[in-house]
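J.: Sequence:
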Amino acid sequence: MKKKIAIVIFTRNSEVIIKKTIVAAKKISKDVIICDSYSKDNTIKIAKSLHCKIFYKKLITYADKRNYFIKKCNKLYDWQLHLDSDEVLSKKLIKNINEIINSNDKTYAYLIKRQLYFLNKKLSFGGASNWQLRLFPSGTTLVEKSNYDQHFKSKLKTKYISGALNDMNIQNLHEWINSHNKWSTLGAKDDWIKNLKNKV
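Under our numbering, the first residue of the sequence shown carries the number -14, and numbering increases by one thereafter.
Because the hints were derived from the structure by calculation, they are not lab data. Keep in mind that a hint or two might mislead.
Using 27 Å as the maximum straight-line C-alpha spacing, the simulated DSSO-like pairs for lysine-lysine come out as follows [what the hints assert, rightly or not]:
hint: 1; residue 1: Lys57; residue 2: Lys138
hint: 2; residue 1: Lys80; residue 2: Lys43
hint: 3; residue 1: Lys60; residue 2: Lys25
hint: 4; residue 1: Lys142; residue 2: Lys(-11)
hint: 5; residue 1: Lys56; residue 2: Lys107
hint: 6; residue 1: Lys106; residue 2: Lys5
hint: 7; residue 1: Lys107; residue 2: Lys11
hint: 8; residue 1: Lys91; residue 2: Lys30
hint: 9; residue 1: Lys56; residue 2: Lys138
hint: 10; residue 1: Lys106; residue 2: Lys130
hint: 11; residue 1: Lys144; residue 2: Lys60
hint: 12; residue 1: Lys38; residue 2: Lys107
hint: 13; residue 1: Lys(-13); residue 2: Lys107
hint: 14; residue 1: Lys56; residue 2: Lys(-11)
hint: 15; residue 1: Lys144; residue 2: Lys91
hint: 16; residue 1: Lys(-12); residue 2: Lys25
hint: 17; residue 1: Lys15; residue 2: Lys38
hint: 18; residue 1: Lys140; residue 2: Lys80
hint: 19; residue 1: Lys142; residue 2: Lys43
Computed from a predicted model, the values in this text were never measured in an experiment.
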């Protein structure tokens, strides 16, 4: 018999925020799975102290890594919720996710609104909040193959869940700029490949 829900969290050197992320996630399920890219700080020590399941896998692309763990969880859990290490579930979101899981209505995959924070300040403009598919019944959803970002694609129709997923970005300004330069380069590469295929 499958367990109810797995919460899958990607980590890498996340000691500053990971406790808050895990503690909030544990209010939905004790089955919190940490997928770590060989952290060199205290991330794993903290996760172990909170009784999480730990797995290690090098990050090549988000899509490859996410899909690897999605397929593993498909066999063991009815539902999956996927987070990054700095994404902290709000009280309202926890309540609404628990209601969905307890009703066990597998008709839909669910979109969650991310609220961005940077340098300890809530961002209100410039795409500071957006909806992302993160909660879904197992066997219905995979991540689109790309070098940049993670776009979950489901066979099911989608619904919105009220309540914020607080993205507590822990980078300083220098790290943030370097990170966005990296992802924008990968995004441009994806667009170039798509345009090339369209011309063939």
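J.: Hints numbered earlier in the text: which of these fail when held up against the supplied structure?
T.: Hints 2, 3, 5, 8, 10, 12, 13, 16 and 19 not satisfied by this model.
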